[in-house]
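Keeping their order, the protein sequence lines are chains A and B.
So the first sequence is numbered by our numbering: it starts at 1 and just counts up by one.
So the second sequence is numbered by our numbering: it starts at 1 and just counts up by one.
One copy or two, either will do: identical chains are not told apart, so a pair holds if it fits within one copy or between any two.
No farther apart than 30 Å at their CA atoms in a straight line, the calculated lysine-lysine pairs in the DSSO-like style are these:
no.	residue 1	residue 2
1	196	275
2	271	310
3	310	152
4	188	177
5	193	48
6	193	271
7	42	24
8	238	310
9	122	152
10	271	196
Hints were generated in silico from the structure; no laboratory data involved.
There are 2 protein chains.
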Amino acid sequence: MEQKKGFNVAVVGATGAVGQQMIKTLESRDFPISTLTLLSSKRSAGTKVTYKGQEVTVQEATPESFKGIDIALFSAGGGVSKELAPHAVEHGAIVVDNTSAFRMDENVPLVVPEVNQEDLFKHNGIIANPNCSTIQMVVALEPLKAKYGLSKVLVSTYQAVSGSGAAAVEELNSQTKAIINNESFEPKILPVKSDKKHYQIAFNAVPQIDVFTENGFTYEEMKMINETKKIMHDDTLKVAATCVRIPVATGHSESVYFELNDNNVTVADIKEILKSAPGVVLQDDPENQIYPMPANCVGLNDTFVGRIRKDLDVENGFHMWVVSDNLLKGAAWNSVQIAESLVELGIVK
Amino acid sequence: MEQKKGFNVAVVGATGAVGQQMIKTLESRDFPISTLTLLSSKRSAGTKVTYKGQEVTVQEATPESFKGIDIALFSAGGGVSKELAPHAVEHGAIVVDNTSAFRMDENVPLVVPEVNQEDLFKHNGIIANPNCSTIQMVVALEPLKAKYGLSKVLVSTYQAVSGSGAAAVEELNSQTKAIINNESFEPKILPVKSDKKHYQIAFNAVPQIDVFTENGFTYEEMKMINETKKIMHDDTLKVAATCVRIPVATGHSESVYFELNDNNVTVADIKEILKSAPGVVLQDDPENQIYPMPANCVGLNDTFVGRIRKDLDVENGFHMWVVSDNLLKGAAWNSVQIAESLVELGIVK
Numbered sequence: 001m002e003q004k005k006g007f008n009v010a011v012v013g014a015t016g017a018v019g020q021q022m023i024k025t026l027e028s029r030d031f032p033i034s035t036l037t038l039l040s041s042k043r044s045a046g047t048k049v050t051y052k053g054q055e056v057t058v059q060e061a062t063p064e065s066f067k068g069i070d071i072a073l074f075s076a077g078g079g080v081s082k083e084l085a086p087h088a089v090e091h092g093a094i095v096v097d098n099t100s101a102f103r104m105d106e107n108v109p110l111v112v113p114e115v116n117q118e119d120l121f122k123h124n125g126i127i128a129n130p131n132c133s134t135i136q137m138v139v140a141l142e143p144l145k146a147k148y149g150l151s152k153v154l155v156s157t158y159q160a161v162s163g164s165g166a167a168a169v170e171e172l173n174s175q176t177k178a179i180i181n182n183e184s185f186e187p188k189i190l191p192v193k194s195d196k197k198h199y200q201i202a203f204n205a206v207p208q209i210d211v212f213t214e215n216g217f218t219y220e221e222m223k224m225i226n227e228t229k230k231i232m233h234d235d236t237l238k239v240a241a242t243c244v245r246i247p248v249a250t251g252h253s254e255s256v257y258f259e260l261n262d263n264n265v266t267v268a269d270i271k272e273i274l275k276s277a278p279g280v281v282l283q284d285d286p287e288n289q290i291y292p293m294p295a296n297c298v299g300l301n302d303t304f305v306g307r308i309r310k311d312l313d314v315e316n317g318f319h320m321w322v323v324s325d326n327l328l329k330g331a332a333w334n335s336v337q338i339a340e341s342l343v344e345l346g347i348v349k
Numbered sequence: 001m002e003q004k005k006g007f008n009v010a011v012v013g014a015t016g017a018v019g020q021q022m023i024k025t026l027e028s029r030d031f032p033i034s035t036l037t038l039l040s041s042k043r044s045a046g047t048k049v050t051y052k053g054q055e056v057t058v059q060e061a062t063p064e065s066f067k068g069i070d071i072a073l074f075s076a077g078g079g080v081s082k083e084l085a086p087h088a089v090e091h092g093a094i095v096v097d098n099t100s101a102f103r104m105d106e107n108v109p110l111v112v113p114e115v116n117q118e119d120l121f122k123h124n125g126i127i128a129n130p131n132c133s134t135i136q137m138v139v140a141l142e143p144l145k146a147k148y149g150l151s152k153v154l155v156s157t158y159q160a161v162s163g164s165g166a167a168a169v170e171e172l173n174s175q176t177k178a179i180i181n182n183e184s185f186e187p188k189i190l191p192v193k194s195d196k197k198h199y200q201i202a203f204n205a206v207p208q209i210d211v212f213t214e215n216g217f218t219y220e221e222m223k224m225i226n227e228t229k230k231i232m233h234d235d236t237l238k239v240a241a242t243c244v245r246i247p248v249a250t251g252h253s254e255s256v257y258f259e260l261n262d263n264n265v266t267v268a269d270i271k272e273i274l275k276s277a278p279g280v281v282l283q284d285d286p287e288n289q290i291y292p293m294p295a296n297c298v299g300l301n302d303t304f305v306g307r308i309r310k311d312l313d314v315e316n317g318f319h320m321w322v323v324s325d326n327l328l329k330g331a332a333w334n335s336v337q338i339a340e341s342l343v344e345l346g347i348v349k
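From just these sequences and the hints, can you work out the full model?
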């Protein structure tokens with residue numbers, strides 16, 4: 001029997017919402033680890049985290065932290081990635097970066113394993129994990145694109161607050177309590193902590209995720225547009241997005257309209273393809289009120305698809321509803337899945 | 001000085017969420033009323049309601065309740081409207097019906113005063129008030145259609161639970177409390193009280209409003225599609241909708257994509273038109289994080305529009321975000337506004 005090789009793995013941002021999920025996912029997937037190095041800011045260093053029954057102490061991330069590391073999973077903000085990822089690469093590690101720092105860099109593959117796993121071979125030390133809302137959408141669209149071709153995507157999102165981190169979840173919870181108890185509260189984090197104004201998220205819908213760009217779209221919307229084209233290798237694909245935060249802790253939902261390059265596709269054809277598509281769970285039975293909902297997807301790695309309908313006017317147009325755990329497939333699981341692919345494909349040895 | 005004429009007004013469903021808003025709106029608009037008759041089911045009869053400082057006792061609605069009534073505002077469910085509206089008409093009343101009972105009847109005008117007030121002249125005793133989610137969308141689209149022509153509308157909704165009545169709001173509140181206190185709960189009302197299954201709405205997004213039709217769209221979605229075409233007098237208009245319930249008590253939001261019949265329209269042109277459009281308040285200043293949100297629209301009659309963007313691929317395509325109080329412009333205010341129009345246009349005398 002072949003001895004399972006173990007790798008030296010580092011998690012940067014180990015105390016954050018996504019970092020915690022990464023550690024849990026490495027554990028639940030039984031990822032072949034020789035040593036696990038948990039890194040964070042100076043402020044969080046010293047925190048103890050349990051991995052497979054053993055206590056691991058989180059250390060401050062420095063350029064020297066990456067000596068001997070094979071795979072480094074980054075999720076500590078774009079600034080940390082920009083500063084430390086090059087040092088990790090210098091030390092011979094392959095970086096899987098969950099921030100937006102390198103996503104649109106043409107030398108950095110942007111990977112969703114179900115969609116473009118082969119792009120991993122083109123890495124130059126860094127592999128980018130796409131934006132959470134992009135990942136679940138392309139997982140659902142790719143098998144349809146592969147079979148029929150895809151020309152247009154229009155998405156409106158219903159995004160959970162955990163995409164903004166643990167403090168945003170705490171803000172949703174404390175605001176909800178305040179409103180229910182008729183107490184006053186002061187929004188401090190959402191929609192964007194660094195932006196000028198903060199708004200109520202409890203019992204509200206906020207049409208701003210990330211800051212605004214000059215064309216009126218937010219960065220989140222532009223990420224969905226540009227990342228989808230990059231992952232799907234199609235600059236001519238028409239993509240538009242409206243990104244909205246709703247009072248859900250975890251689980252992004254998306255109302256997706258798309259047009260295929262084939263006028264003879266039926267809803268049954270689409271269901272048949274998605275039923276066996278990698279990473280997809282079809283939940284589509286209107287008669288029995290079966291459709292995906294964020295409350296049912298928490299803690300699961302899959303992307304759930306339902307409400308598939310043929311447009312009533314456009315022959316090649318369809319609608320669907322796509323839901324996934326934004327901390328898992330949208331972040332931690334996709335990162336660990338990239339790491340697993342690196343092992344499977346022999347890219348990391 | 002001309003003596004202001006008063007009318008004999010009846011409100012059917014006076015104890016319901018919309019009925020209560022109708023009474024408040026009649027009061028705040030100082031609608032010219034001689035007598036106010038409040039009607040309900042037998043169960044709610046006897047309830048006392050204050051109107052302009054005076055107590056009015058709600059009576060059981062029967063066919064004979066409408067003798068001498070000039071205007072009857074119905075909002076007690078489709079069954080009640082089907083049964084009693086013809087009796088009201090027989091007794092000489094003009095019925096403004098807020099249910100879906102007569103909306104698609106070709107002998108019944110379906111009216112949003114800002115859009116098709118002139119259709120009121122074609123009434124045969126009954127005038128239908130459109131579905132809440134339809135009304136706010138057509139208020140925002142009509143001035144653009146009037147100037148440039150409109151060919152296509154794709155909408156994804158973020159709908160408040162009060163659209164399902166006061167019991168649904170109570171369910172949202174009690175479920176929210178239960179989840180926050182880590183207590184168990186049993187969904188009983190949403191998404192559709194009469195349907196087989198009921199789902200959690202607190203901290204969730206439910207892609208079902210009303211029951212499903214055979215084509216996979218829900219009735220709510222088909223209402224938005226068919227009513228929009230009827231109100232805008234354009235059977236060739238392409239309309240598609242995905243309707244979703246979110247944990248907001250009051251205030252529907254909509255992500256609307258639309259295409260105009262003119263390739264040279266700018267975002268500035270659209271803002272200029274909407275700035276002075278009837279019933280519309282433009283809230284669109286991304287730099288200062290100004291955009292509409294349901295938490296800010298409660299209790300207001302207007303339709304709020306923001307996040308207007310030109311599509312990046314389609315010359316004549318635009319995106320916008322439309323928010324309004326679903327109990328007011330979506331129901332009570334539009335009904336009272338129809339009644340005001342009937343008076344202004346001399347249709348009721």
